[in-house]
Amino acid sequence: MLLIRCPYCEEERPELEFRNAGEAHIARSANIAGESDDDFEKFFFIRSNPKGIIHERWRHMHGCARFFNAVRDTVTDKFIMTYKAGEPKPSKLPEISNEVVAK
Amino acid sequence: MSGAFRIPSAGRLSQAKTARFSFDGQSYAGIEGDTLASALLANGVHLVGRSFKYHRPRGILSAGAEEPNALVEIKRDAARKTPNVRATVQELYDGLAAQSQNRWPSLSFDVGAVNDMASPFFSAGFYYKTFMWPKAAWKSLYEPKIRAAAGLGVSPDQPDPDHYSSRYAHCDVLVLGGGAAGIAAALAAAETGVRVILADEQAEFGGSLRFESGARIDGQDGFAWAQGAVAKLAAMDNVRVLSRTTAFGYYAQNFVGLVERVSDHLKAPGHELPRERLWQVRAKRVVLASGAIERHMVFADNDRPGIMLAGAARTYLNHYGVAVGKNVGVYTANDSAYAAAIDLKKAGVNVAAIVDLRDNPTGPVIDEARALGIEVNFGRAVIRAGGKLRVSSMTVQPKNGGGERTIPVDAILMSAGWTPSVHLFSQSRGKVAFNDETKRFVPGIYAQDCVSVGACNGTDGLSASLDEAYAAGAKAAKDAGAKTARGMKPKVDASESWSRGMLGAAPGAGSDTTVKAFVDFQNDVTAKDIRQAVHEGMRSIEHVKRFTTNGMATDQGKTSNMHGLAIAAETLGKPIPEVGLTTFRAPYTPVTFGAIVSHARGPLFDPTRRTAIHPWAEAQGAVFEDVGQWKRAWYFPKAGEDMHAAVDRECVAVRKTAGLFDASTLGKIEVVGPDAAKFMELLYTNPWEKLEPGRCRYGIMLREDGFIYDDGVVGRLAPDRFHVTTTTGGAPRVMNHMEDYLQTEFPHLNVWLTSITEQWAVIAVQGPKSRDIIAPLVEGIDMSDEALPHMSVREGKICGVPTRLFRMSFTGERGFEVNVPADYGQAVWEALWAEGQKHGAAAYGTEAMHVLRAEKGYIIVGQDTDGTVTPNDAGLDWAVGKKKADFVGIRGMARPDLVAKGRKQLVGLKTKDPKVVLEEGAQIVEDPKQAIPMKMIGHVTSSYWSQNCGRSIALALVAGGRGRMGDTLYVPMPNGVIEVEVTGMVFFDETGGRLNG
Ligand SMILES: [Zn+2]
Chain A
1 MLLIRCPYCE EERPELEFRN AGEAHIARSA NIAGESDDDF EKFFFIRSNP
51 KGIIHERWRH MHGCARFFNA VRDTVTDKFI MTYKAGEPKP SKLPEISNEV
101 VAK
Chain B
104 MSGAFRIPSA GRLSQAKTAR FSFDGQSYAG IEGDTLASAL LANGVHLVGR
154 SFKYHRPRGI LSAGAEEPNA LVEIKRDAAR KTPNVRATVQ ELYDGLAAQS
204 QNRWPSLSFD VGAVNDMASP FFSAGFYYKT FMWPKAAWKS LYEPKIRAAA
254 GLGVSPDQPD PDHYSSRYAH CDVLVLGGGA AGIAAALAAA ETGVRVILAD
304 EQAEFGGSLR FESGARIDGQ DGFAWAQGAV AKLAAMDNVR VLSRTTAFGY
354 YAQNFVGLVE RVSDHLKAPG HELPRERLWQ VRAKRVVLAS GAIERHMVFA
404 DNDRPGIMLA GAARTYLNHY GVAVGKNVGV YTANDSAYAA AIDLKKAGVN
454 VAAIVDLRDN PTGPVIDEAR ALGIEVNFGR AVIRAGGKLR VSSMTVQPKN
504 GGGERTIPVD AILMSAGWTP SVHLFSQSRG KVAFNDETKR FVPGIYAQDC
554 VSVGACNGTD GLSASLDEAY AAGAKAAKDA GAKTARGMKP KVDASESWSR
604 GMLGAAPGAG SDTTVKAFVD FQNDVTAKDI RQAVHEGMRS IEHVKRFTTN
654 GMATDQGKTS NMHGLAIAAE TLGKPIPEVG LTTFRAPYTP VTFGAIVSHA
704 RGPLFDPTRR TAIHPWAEAQ GAVFEDVGQW KRAWYFPKAG EDMHAAVDRE
754 CVAVRKTAGL FDASTLGKIE VVGPDAAKFM ELLYTNPWEK LEPGRCRYGI
804 MLREDGFIYD DGVVGRLAPD RFHVTTTTGG APRVMNHMED YLQTEFPHLN
854 VWLTSITEQW AVIAVQGPKS RDIIAPLVEG IDMSDEALPH MSVREGKICG
904 VPTRLFRMSF TGERGFEVNV PADYGQAVWE ALWAEGQKHG AAAYGTEAMH
954 VLRAEKGYII VGQDTDGTVT PNDAGLDWAV GKKKADFVGI RGMARPDLVA
1004 KGRKQLVGLK TKDPKVVLEE GAQIVEDPKQ AIPMKMIGHV TSSYWSQNCG
1054 RSIALALVAG GRGRMGDTLY VPMPNGVIEV EVTGMVFFDE TGGRLNG
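Residue numbers (our numbering), protein chains in the order written: chain A, 1 to 103; chain B, 104 to 1100.
The set of hints was computed from the structure by calculation and includes no laboratory data.
Any given hint might turn out to be false.
Here are the computed lysine to any residue pairs in the SDA-like style, where the Cα-Cα straight-line distance is at most 25 Å [to be verified]: (1) Lys42(A) <-> Tyr927(B); (2) Lys78(A) <-> Arg688(B); (3) Lys534(B) <-> Glu645(B); (4) Lys781(B) <-> Pro50(A).
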């Protein structure tokens, strides 16, 4: 079970308290009704599904109930960082090695 | 006397009490502290089971959790029958009753053993090859026969009467494995004051110190030191010591699952004790001290009862005081088996010969064996074992060929070397590395905050292991935040050291296709099977494993994986690391469902939600149905009524006089704030800005894709306050959907959302007499049609308590929904009921509610819609605000496919024969005479007998349905085709006059 840091509670809490809410930083157009079919397709259906770093939304469902964003590695499942909803995509990620070398 | 093979001077159980037990009905004596295996061996019983595929007689291979052969059924009573218990792990208690498995009619004469003769048919991949055709035979013939003939124990056929418990725990340092290394690591960590958990799967700590007679630590015998050290740890406040506890799974971020066997070893477990306890531990640091597992030698008929691992034989002697034979042979490729021979010889057991595959090994144990007068043969192999139900001889040959010599023995102790237990390390997603010199996979690259110490890390020798473990324990504590470090590292005074050995098939594994040299005992996989898999084209070890099933039994190949890999590599002509190691997966050893399920069974499986009015309904004899977690009154049968009669009566009563219905489970959300109306505009298709306070509107919520997500009546209590209702099942997801948009898409809106589902009890009073029933109890609300028209809401009092009184109808009758604080729900219901009785009102349940709404063509989201239905499809275009610039789903709704012609639309269906009630979910076709598979143009979504209409009624989704009014369509059913007519959705009171009736 993963530990996830809620950027609002400022605490690491077990995965059971959270719910994933899909990819982050997909903006809903202010003029959604006027969007072309292609633009709506991109907005609604197309997701990046990367092998590696993903920006995704989570909700601290059984905690503060806030939605926030996380950067996670889909290969190792490791959370690299979390940040509040509305904040921009972090330009630089903290250095986290996926492999801890033998001690 | 507790068995003829018990040696009073040996072992640690001599002072203990006798325990009687039975095996296959035969009574025996053992000693408390025995395992079932040691007690059987003490009585000279080696034959304990039949193998999975060939039904070959099998004995006891090991003295621990790796046991592949000695699987038995332990029976306490009819319900407490546990199959596939490893006899080497099951502790003996007085009265224990065990049965052998997978044999008929008896263990020594088993009809299934013909499989052994027929073995050419059961070779590698036989499941894939033999039973290919015909397909139908799988169900009727192959699978049942294979299951009956090949298999493990029989599952219990009664519910498990035991209870299980579950705990979460947090610690700084979790030490897995309580042998010398684990204890040393735990001591080092514990002395710093951090929180430590030390767990071991055995009843007693000590690991290999149980059998290593040569180990001395801090001036004591190794095992005695272990007991003292663990007692010291257990007495410390910051340490939790768990024995009989197996770490079965290592998950993300140092989350480890442990199962503690609490009472399986007790004669009469009290009901206050759980059978097992699941520990879910989160540790800052994990120290893996899981030891090593000895490998067997792979030679012909190496599975005969009496042939076992040398370390196991030594454990039986040094810990349990049991000799595994009177005249034993030893077959080895490393030093450790010599120590077993020496200990047995010293205990008075004859050692017929040591056969060592190595050419010219040297070392103190070899010298000592010779000095004791044991015959030692180098460069020789055991090429076959004699005997059937018990080994009777070993045939020895120089390993490069030559004359054979058969030596009579009653047991063979074998050792091909020791495999580091990297299972948990591998589960942690660490990557193993192959050490070419020692031919071992050892921890290489770590993925989590853990460290391996001792034998599981490939560290040889007690002294080196303790040093490494103590340092690692101290470092783990420091990394976890320990400030101080004090204490004394244990000092090793004497130890044993052995490594190396061999991997793969020994010369006695033969190239002959009739030779059975077992690699995997539990799945009956031989060296020949693995070679054959390679010859048939398997290249990856994962393919070899699946084709042969090597390592896929419940022991997960603890003894067999490395041999299988080496044989595959040799056959492929590739080095071992290139062929790769199969992945280790949780659980390390089998875990009971009980431990995982714990208390979450029966009524505790899922929360049960009951409304405030539930006790009244129960007292009235209501029949309840489950709707999500809710218990809802389904119908209220009177004496002699079946469901059909009760529902008919309830439906008629509502339209004739009135009915009371508990609608408390409706989801309710309060949307409050200066921007509440703006928010509602965005979340629902309808317009809200202009809805007057005090009025209600039926709202439709879409997802962004344009499909109906939820619906419900919304009342505007004030300019900045909406009382939103949702479907019963939809409340949590609607709330989540609203929060999502409010927090992330429309955070500029000043709105608060509050779930009020459980705050308000809701009593629907519906029918021509509804106002007459309510009015006498209401204060402060004008109940006239002018003041309180259909689709309006007022706040006031009923029975002296606050109410939000909705005038609304889900039946098509004049109707009200009385919301009162949940605590008053039943009292107000009873008052309304008393009034209702004066007018002949009935209580009605969810079934009548469904029928009544269907008579009016009111949809139920999730029944008449399925996530692919647009408002237009459902005939609800009128509820979509045409002038709105934005709402969730506005763009999705306009997608080409969603506005295309021929979409399925909701319509009514009337069967030509009014007595026939359609089946919900039944498919609809245009032409019943077309060939199968027919073109299906829709399906029935709701269907009922309507007593009010005097006929059956149905709603259906039909392609282009609204253009087919009056058409005849067909519903093909197993008993014939039903003719239906397409109609509008309203079956009763089409003009809607009764809303004010
Ligand atoms: Zn939070």
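Hint by hint, here is what the structure shows:
1. Lys42(A) <-> Tyr927(B): violated (51 Å)
2. Lys78(A) <-> Arg688(B): holds (19 Å)
3. Lys534(B) <-> Glu645(B): Satisfied, since the Cα-Cα distance of roughly 16 Å is no more than 25 Å.
4. Lys781(B) <-> Pro50(A): Violated, because 37 Å separates the two Cα atoms, which is more than 25 Å.
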